[in-house]
Amino acid sequence: MKLSIALIASLTGVGAFLPSSSIINQPAAATTATSLNQYGSLGFETNGLYSRQEEESMRTQDEVAGYLSETRQPNTVIRKNLGTSVLISGFRPEDPAATEVLDFLNNEESVHFPFTKIVAHVEDMKMAKKRLIGRNARYTGLLDKLDFSEGSAFPTVEQLAGMSSWVAHVVGGDMSKLADIADAAEKADSVKNVAILVSGATSVGGDALKEAEELLKGRVSTFAYTLMVVPEWNDEPEASCAFGLVNVTDVADAPFREGESFSRVESLRILTECLAIDKAAGKCVVANAAKEANSLENNLIQGMREIGFTRLEEIEHMVTLGAKGYNDRMAAEKDGSAWEKAPEETEEEKAISAKTKEEQLVLKRQQRDDASRYKDVSALATEWAKREFLRKNLKRRIMIKEDEFIEVVWERAMFEADLKYRTMLGQSVDEVGERAQFKVDQEEKKAEAYKVEQERWNKMQYEELEPPQETTITLGR
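Count the sequence shown with our numbering and you get residues 1 to 477, in order.
The hints are simulated quantities; they were obtained by calculation from the structure and are not laboratory data.
Mixed in with the good hints, there may be bad ones.
[Said to hold, decoys possible] With a straight-line Cα cutoff of 25 Å, these simulated SDA-like cross-link-like pairs (lysine to any residue) come out:
| hint | residue 1 | residue 2 |
| --- | --- | --- |
| 1 | Lys283 | Asn247 |
| 2 | Lys279 | Asp103 |
| 3 | Lys364 | Arg72 |
| 4 | Lys177 | Asp124 |
| 5 | Lys291 | Gly172 |
| 6 | Lys283 | Gly322 |
| 7 | Lys117 | Thr156 |
| 8 | Lys375 | Glu404 |
| 9 | Lys291 | Gly66 |
| 10 | Lys334 | Gln73 |
| 11 | Lys130 | Ser152 |
| 12 | Lys145 | Ala184 |
| 13 | Lys145 | Gln159 |
| 14 | Lys291 | Asp278 |
| 15 | Lys129 | Thr99 |
| 16 | Lys364 | Gly172 |
| 17 | Lys364 | Lys145 |
| 18 | Lys130 | Gly151 |
| 19 | Lys217 | Val157 |
| 20 | Lys145 | Ala161 |
| 21 | Lys291 | Ala252 |
| 22 | Lys283 | Phe154 |
| 23 | Lys445 | Gly433 |
| 24 | Lys192 | Thr76 |
| 25 | Lys401 | Lys446 |
| 26 | Lys145 | Ala224 |
| 27 | Lys445 | Leu394 |
| 28 | Lys117 | Lys187 |
| 29 | Lys283 | Val246 |
| 30 | Lys187 | Met175 |
| 31 | Lys130 | Arg92 |
Using the sequences and the hints given, assemble the complete structure.
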């Protein structure tokens with residue numbers, strides 16, 4: 001054997017041969033509690049650590065996680081008629097938004113964008129080429145796709161010819177421009193998808209938004225559209241906070257507060273993804289930032305990112321369901337009309353149902369806490385193993401690498417880390433008793449491993465131990 005059992009035993013003290021369940025899942029012995037002050041514990045009673053408001057917030061997070069798991073779609077459906085060409089308009093070349101929207105449409109990770117030609121419609125072509133054609137355009141392959149057209153704020157029907165998709169930007173919240181966009185796209189036979197972003201719409205009221213939706217519904221028949229309205233832009237990075245998308249039919253008189261703003265990069269990301277999402281077709285939405293930690297939008301966004309939603313799935317969910325979808329589901333479940341009105345439950349059935357739901361919430365919370373605890377203990381175990389490797393290596397050079405050493409002593413490292421973790425939390429720890437029991441368990445595993453290895457050697461044939469040598473002699477010329 002390359003690495004003998006004796007050598008492994010000398011490294012770990014007691015050895016670690018066979019994999020076993022994580023030490024953090026084993027109940028801690030508590031015969032003689034170690035003094036908490038000795039280990040610098042938290043030093044306070046942890047019962048009732050959370051306030052009623054915090055417990056209610058955690059309950060909401062669990063309910064949101066369950067709701068998201070139930071409503072998550074297996075795959076986001078992409079529009080089949082995106083085509084291979086897209087035109088952008090309304091973006092000034094000197095503004096960062098022009099470069100950012102091009103990057104989103106040309107992103108190699110966005111495989112749902114099949115564009116081989118991207119046309120930037122600008123008012124000053126010379127300025128646009130100077131600003132938009134740079135090192136990044138060459139390295140990302142954008143230079144091979146990018147072309148330009150010159151004219152007023154919006155392209156003409158002739159300039160839209162051959163374009164299958166159009167991303168239009170309207171500045172200053174000027175909702176009157178929507179009619180011009182709709183008329184131009186309707187007359188251009190090749191245009192099948194239009195995504196419209198209206199920025200700086202802080203003063204736009206609810207009635208104007210509803211009129212815009214009615215205008216698009218009345219004038220559009222040959223292409224699919226998505227309209228998104230945002231307040232003034234800010235320079236916050238993408239995904240820096242949660243967001244909410246509300247259908248204009250559900251918007252109050254003043255959709256934006258005074259001084260409210262929205263991330264420029266985030267709005268461009270949402271708009272370009274909506275261009276591809278099939279279920280976003282025909283949607284007219286208002287976007288708001290949700291920076292409050294206890295807001296429903298924040299719980300939804302954080303829940304989707306914890307579950308593993310992609311950004312495409314996240315945006316699709318917020319466009320199609322959002323906070324309203326969650327509230328409607330909760331209200332439907334409350335009055336029993338989620339899908340079909342069922343017979344009213346008896347008091348006993350209600351008690352069982354409530355108990356089951358409570359148990360599910362407790363289980364989900366426990367699973368989340370266990371995952372967090374395992375992550376913390378694993379980090380402590382890695383630190384302990386690295387320190388142990390350094391200590392032993394300084395004393396006497398070890399003939400294996402650090403990662404191999406950590407693998408050998410991992411069970412011991414998890415044991416030490418679990419002791420430290422529980423001590424840091426102020427939990428009762430019987431260090432002497434647990435160490436003695438751990439040593440006994442490891443000795444038993446070592447003996448069992450030795451026995452298995454000995455039986456394997458005894459069963460081996462002589463040829464396996466020492467293969468026969470070749471006796472054929474080849475003579476040279």
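Regarding the pair Lys145 and Ala224, is the alpha-carbon distance no greater than 25 Å?
24 Å, holds
Below or equal to 25 Å on CA atoms is what counts here, so check Lys445 against Gly433.
With Cα atoms ~19 Å apart, Lys445 and Gly433 stay inside 25 Å; holds.
Quick one, are Lys145 and Ala184 close enough, alpha carbons at most 25 Å?
Distance ~24 Å between Lys145 and Ala184 Cα, so the pair holds.
Hint consistency between Lys283 and Phe154 [alpha-carbon to alpha-carbon, up to 25 Å]:
This hinted pair holds, its Cα atoms lying about 22 Å apart.
Sort out whether Gln159 lies within 25 Å of Lys145, counting only the CA atoms.
17 Å, holds
25 Å limit on alpha-carbon distance, applied to hinted pair Lys291 and Gly172:
It holds: about 24 Å lies between the C-alpha atoms, which stays within 25 Å.
Can you confirm whether the C-alpha distance between Lys177 and Asp124 stays at or below 25 Å?
20 Å, holds
Please work out if Lys117 and Lys187 have their alpha carbons no farther apart than 25 Å.
Holds: Lys117 and Lys187 sit about 21 Å apart, inside 25 Å.
Straight-line Cα separation of Lys291 and Gly66 no greater than 25 Å?
23 Å, holds
Given pair status - Lys145, Lys364, alpha carbons within 25 Å:
48 Å, violated
Lys401 and Lys446 were given as a pair; does the straight-line alpha-carbon distance stay at or below 25 Å?
22 Å, holds
Need the status of pair Lys130, Arg92: alpha-carbon distance at most 25 Å?
Holds, because 12 Å separates the two Cα atoms, which is no more than 25 Å.
The structure fails to meet hints 14, 16, 17 and 27 from the earlier list, while all remaining hints are met.
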